Amino acid sequence: MAVYGLMAEFEEPGALLHAAERAYASGYRKLDAYSPMPIHGLAEAIGFTRTAVSPIVLVGGILGCISGFTLCWWMAAVAYPHVVAGRPFNSWPMWIPITFELTVLFASLTSLLAMLGLNRLPQPYHPVFNVPAFARASTDRFFLCIEAVDPVFDAEGTWKFLETLNPTSVAEVEP
Amino acid sequence: MSPIDAKTGREYWRSLEELADTEEFRKFVDDEFPTRSAEWLHQPNRREILRLMGASFALAGVTACTKQPPERIVPYVKQPEGVTPGKPLFFATAMPLNGYGLGVLGESHLGRPTKVEGNPDHPGSLGGSTAIAQASVLGLYDPDRSQTTIYRGRISGWGKFIAAMGMVRAEQLLSKGAGLRILTGTVTSPTLAAQLDEVLKTFPSARWYQYQPVHGPKADVSPVYRFDKADVVLSLDSDFLASIPGSPRYARDFISRRRLTEGQSTMSRLYVFEPTPSITGSVADHRFPVRASELDGQAKAIAAAIGLPVGAASYKHADAIARDLKAHHGASIVIAGDWQPASLHRLAHAMNEALGNIGNTVVYTDSIEARSEDHVASIKELTGEMNAGKVEALLILGGNPVYDAPADLNFGDALSKVPFRTHLGLYNDETSEKCDWHVNEAHYLEAWSDIRAYDGTATILQPLTDPLYGGKTAHEVLATLTENPDQTSHDIIQAYWRGRHTAEDFDAFWEKTLNAGVVPDTAAKPAQPPKGTSETQYAAALNPSTMELIFRPDPFIWDGQFANNGWLQELPKPHSRLTWDNPALISLGTAQRNSLQNGDIVELDFGGRKLRVPVWIQPGQVDDCVTMHLGFGRRRTGKVGDGVGFNAYELRTSDAPWGGPGLRIQKTDGRHVLATTQDHHAMEGRNIVRSATLEEYKADPKFALKASEEEFQARSLFPSFEYNGYKWGMAIDQNACIGCGACVSACTAENNIPIVGKDQVSRGREMHWIRVDRYYAGDPANPESLAQPMLCQMCETAPCELVCPVAATVHSTEGLNQMVYNRCVGTRYCSNNCPYKVRRFNFYLYSDWYTESLFGLRNPEVTVRSRGVMEKCTYCVQRINAVKIEAEKADRRVHEGEIVTACQQACPTQAITFGDMNDQNSRVAKWKALPLNYTVLGELNAKPRTTYLAKVKNPNPEIAQG
Amino acid sequence: MTSDPVETQLTVHDPDGPVVAPGHSYESITEKIGAIVITLRTPRHWWIGAGIAFLVVNMLMTAIAWLFWRGVGIWGVNVPIAWGFAIVNFVWWIGIGHAGTLISAILLLLKQDWRTSINRFAEAMTLFAVACAGMFPVLHLGRPQVFFWLFPYPNTMGLWPQPRSPLLWDVFAVSTYGTVSLIFWYIGLIPDVASLRDRAPQMWKKRVFGILALGWRGSARHWFRYEIAYLLLAGLATPLVVSVHTVVSFDFAVSMVPGWHTTIFPPYFVAGAIYSGFAMTLTLAIPLRKFYHLEDFITMRHLQNMGKVMLATGMIVAYGYSMEAFFAYYSSDKFELFMFKNRTTGPYGPFYGLLILFNILIPQLLWSKRVRSSIPALFIMSLVVNTGMWLERFVIVITSLHRDFMPSAWGMYYPTKWDIMTYIGTLGFFSFAFYLFVRLLPAISMFEMRDLIDKKAGKQVVH
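Protein chains in written order, with the working numbering: chain A, 1 to 175; chain B, 1 to 962; chain C, 1 to 463.
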């Protein structure tokens, strides 16, 4: 395939949002929007509404909780049982602090890993960086990219379509 | 509430430190982060010095290897014959102090003496011992001990010395020994006495003098007291529980009439008149602080009240005391202190006579000492002869007269006038320095000798090891004056006893004697009591207008001979809990009048002799009397003792050996840091030591348990752990504890406890596993004084264990709170959470890992701890396990009394008992069942295994205590 | 969180002034903050300050080396006062850390948009404070070389830690806290280092920031997951920060030492932590905004709000003190009663007086708007509170220990020069780390600032 996709550049978040909605409405599905800060509703506008981050973190938290309690119980009652201050081997109320801490630790780690993983980060190379104007995507420019893999994509038609969104410019994205 | 709580009338005063708002406190308030002397390498503390000694010692090329002596020595009867590696042997011998012997058993690990215990078969010990005896084993290994014969500062040899003595002998034989003089301490050794006789026969014009700094007045017959028979005891400044020959036995006998553990309902009563607090005074039912000069008058007042023909001003309590004494005709004791003049001893004797005690509670025997005399007079005469140039050859057998002779005699200068002077001593000390010959003496644990106990019973000393440095005994030195100069003391001793032994089989006798530690029926025979005492003219009472100075031997350093013994230096004094020092003890009144605070340096001016010393405000000290303890300020003893404290001998003159009036004190602007291990002596209304009078106890035997803690005992969120096998526990009878410190010393020896030095003690880092707390209640001038041994309480719900993050301290299934040194990372949380503060922490590498000679001293059963780990009392777990292993081999349970902890074994009064609480017949179980039994800080519900029996005193209802 | 006009109105017309000075564009913000890192010359005051801090770090290293050589005996600790400066400093530093997490997590959940411009360096402060705090429990060990025995790891001896001990809870709490703070901080940094990557003039800087940015490109999908993860982390960090100081307070509360064994400790320690934390944030923010001319982003509004938080938490701490006194009286427990008497009038009484003055009386001035709006006053106030909170920990640790149950074992604590050097040393370590941070990373979150002015300007389309 010749190009990765076509990219329109905007100056205002609002414009990008409108553009994204219009593009989605006109049947484009394989598209993505880029902005220097989170724009609320933008992901929804391109039809991205659900992510698995939260459930993964929940699982991580539960794992942490279980391992925390098991660790304490196992250390004090199974692996190294000793009479300590006349307490029972499994004096469970005293396991709670460590259980809690491990819950938080596991959940936090999974939230980091889930976010990066689902975002396919770290990613050393990505075609959008081939567009010179894209350097400002992390400062004050907003981009909409319709990818060539989109069934509705066709070089001329899509270019024209993007023109109609009155962007500051439209560019081809080298693969 | 216990009586102490209840008595609202008597308010507990706060620590004198705070009361006085000392420099430290003000300094603290002034700057935000006050620091004491900082930590730099070039400020070596005592321990580092000990370490330095290691180097010098190693250079000397001597190792700690010890071997049993060539002669046959006989193990103590209760031990298996022959050496089994890993099993200690015990050998009966005796520790000499002041010429008298205390029967001890030396513990030997493969020929290494590591500990001494009292000999149960010895009348002077009955198994008990003293702090000094317990620490004496360190003296054997002291790397600073003199290690060779020295001639004029150069290393010489025994052979050369014999040759030199041969010449002396030849010369003196011509003049019948006109120029020969011998100076010894008190001699009770039968063999040495016989040798002296022989020498004096050979040299008719030779003279034998005796001097030791601590000695009573001349007595042709010696009294032996039977405190177990005495209902009433009147002590005229006698510290008979702690500092006279036979004290351990006397303490045992006396306490047997005081304890309420075996169902007794009566107690003896003790009156003490004394100017400065003593062990005996602290257990008295009535302690009367009197100026030394007034003692005589008050004694007379009581004597008069008894009916003796002495004219005396009456005195407020005299009649009451006299009535009490008379009410117990033939069952009372009047005893005068060794430091009191002969006149007072005669008066005491007269009172005993009048009270019908002679033959009942006071038995007179032939003098135990080979020749009893006034030591001060004796050395005075010798000095006179030396100055007169009459002395050509002087043998100083032991002792250190240049250091401790009366200052006015200038013994040192006189000595240098003697052409031939030789000194036998454990240390190359002040006296050796002035003699041209110095012979290194053998420590008693490496020597053959014999000695008598307080009652005359003789013991043959057998060495546990060959002399480490080939030391010699007085016998051997004296033998050099005879035809065959090169005899071993073994042969000398054996020859003497062979001569005395009439029966057939000497070898059997010898075996039996060595093995038992006492020579059968050698106790002194009863003698006629001195006659006509009651007519004697008593010395007139001194005029108590000026301040008075009092000399006393230090409770542990004694007359100075133990100055280089770190264990004794660091052992807290019974009352002040001071270490490494001997400040002048003054009363609170004296302090306020002279605006003095602890540590202020004053100049004492006693008859023109001046000494600058720091002061210590001692509750119970009588006003205007200043007490100086002897034995400190040594110049030449070793790296531990040199320069520690202040030399009181500089003030001590032949006319006032125990002090007297005419003292002037002048405050200087100097300060001196004093290292005490307890700077707060008030109980703050916490019923830690619970006490009552006998009446109160009879009215309510459970007085000690009135406190609300039992209800706590039941409560716990968790089910408590079941101890089905052994259940170790300890009970301490505070009625029996006299606070002598023997337990602390014994624990130090048993458990390889390091000394940390004065600087570290002053920072609160002493390492003793057991301590004897001293609490005061009531009037500072004459407070109630309570001693409490405090060691790990082995709490069943131990607060220390809960907080250890690495399980370095956990409970055993027998209820021991165990410390796992190797696992400890040193968070010190356990110490913070210990309500009793009995845990000790190695802030530095306190154990001496470098001084080779000290390796031999260590108890091989106990870990030598390293830096950064916590440690504490283990109930002597090594002893518990040794016994358990035996029991398991025999497939039986451990018997009651089989396991004896070090503190328990050392205690002269058997105040401590240990055993299996699950065994209902065990002594500990019985004690814990007594109504007197209580738990310190029981309301914390830590369920300690160590409990205490409340203290009961027996005051005279007639005398209202202030 | 879509901004509603009402909130916008409120924040724009806030009596305390705006959270961002007007007239800033995406570009200007990014430039102003980013330039410090990538283009501007390192200012002289940075070299001077960082240099001094570095010297102090070397003093710390000396003190630590000596500690390892000679042993913990070089400090003033003893029996009964087996915990000294080390634990005081540990609690103090941990407390300071807490404000960072609070600002970035709790204020985020509470939608306090004024947090935006201070959360980044507040989080950095947390990290460095936790690092300082973490040193002490290790250094104060008798055998610091085996500190790792506190971690549960399989070993040939089959030994395991003892999970009933609050110290073990500490190990887990503090290490978790450190880790989570780092994650939170780094996640926040990703979009900003991406901006720096795109703006950096030199290639090597692009590379470095490129690696740190993990290839971030601001895709809508990424932002979507990113914000969920960020919110979740905030939600996790909030109970965590509370639990950490609770566990720290357990070190004392779980023991039976009078003056430690108190149920009020957890809440009152957490409040105290936030108190000292905000004080430290002020101590850092005021010079930072001055030297780097960030007055537009760290406005009076921020300073005033922090003053208000200090006032509030200070009152909670005051309540804690009064409850201690009340418990002592109401329990009528003789040990508690004595402890309080001794704490207030004993040999260390003057410290208690100072701490009341510093933590309760002086901060009352914050009621006055004039004080709240005077930068020097706020700065001094922040230092006073920092000192006061240090004194609080000193009083709790030392005066409780030095006279507990057995009068015979009472003692005094005198810190040595090594105690003081170690404490000052960690201050140096903290400032040095902070100097490096402001030089090498954006001290203010750029993407959140963009988001902020965006909202302020009401640019976003409202659905």
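To be clear, the hints were calculated from the coordinates, so they are not data collected in a lab.
Just so it is clear, the structure is predicted and the values come from calculations on it, not from any experiment.
No residue lacks a Cβ here, since even glycine has one placed at the ideal position from N, Cα and C.
Wrong hints could be hidden among the right ones.
In silico BS3-like links for lysine-lysine, alpha-carbon gap of 27 Å or less [stated by the list, open to error]:
#1 B:LYS326 x B:LYS316
#2 B:LYS943 x C:LYS334
#3 B:LYS702 x C:LYS334
Far from chain A by the CB rule (all over 12 Å, computed), these chain B residues [said to hold, decoys possible]:
#4 GLY157
#5 LYS176
#6 ILE358
#7 THR546
#8 GLU801
#9 LEU802
#10 GLY815
#11 ASN817
#12 LYS943
Here is what the structure says about each hint:
no., hint, result
1, B:LYS326 x B:LYS316, "holds (17 Å)"
2, B:LYS943 x C:LYS334, "holds (20 Å)"
3, B:LYS702 x C:LYS334, "holds (23 Å)"
4, GLY157, "holds (60 Å)"
5, LYS176, "holds (79 Å)"
6, ILE358, "holds (59 Å)"
7, THR546, "holds (61 Å)"
8, GLU801, "violated (4 Å)"
9, LEU802, "violated (4 Å)"
10, GLY815, "violated (9 Å)"
11, ASN817, "violated (9 Å)"
12, LYS943, "violated (7 Å)"
Going down the numbered hints, you'll see the structure goes against 8, 9, 10, 11 and 12, while the others check out.
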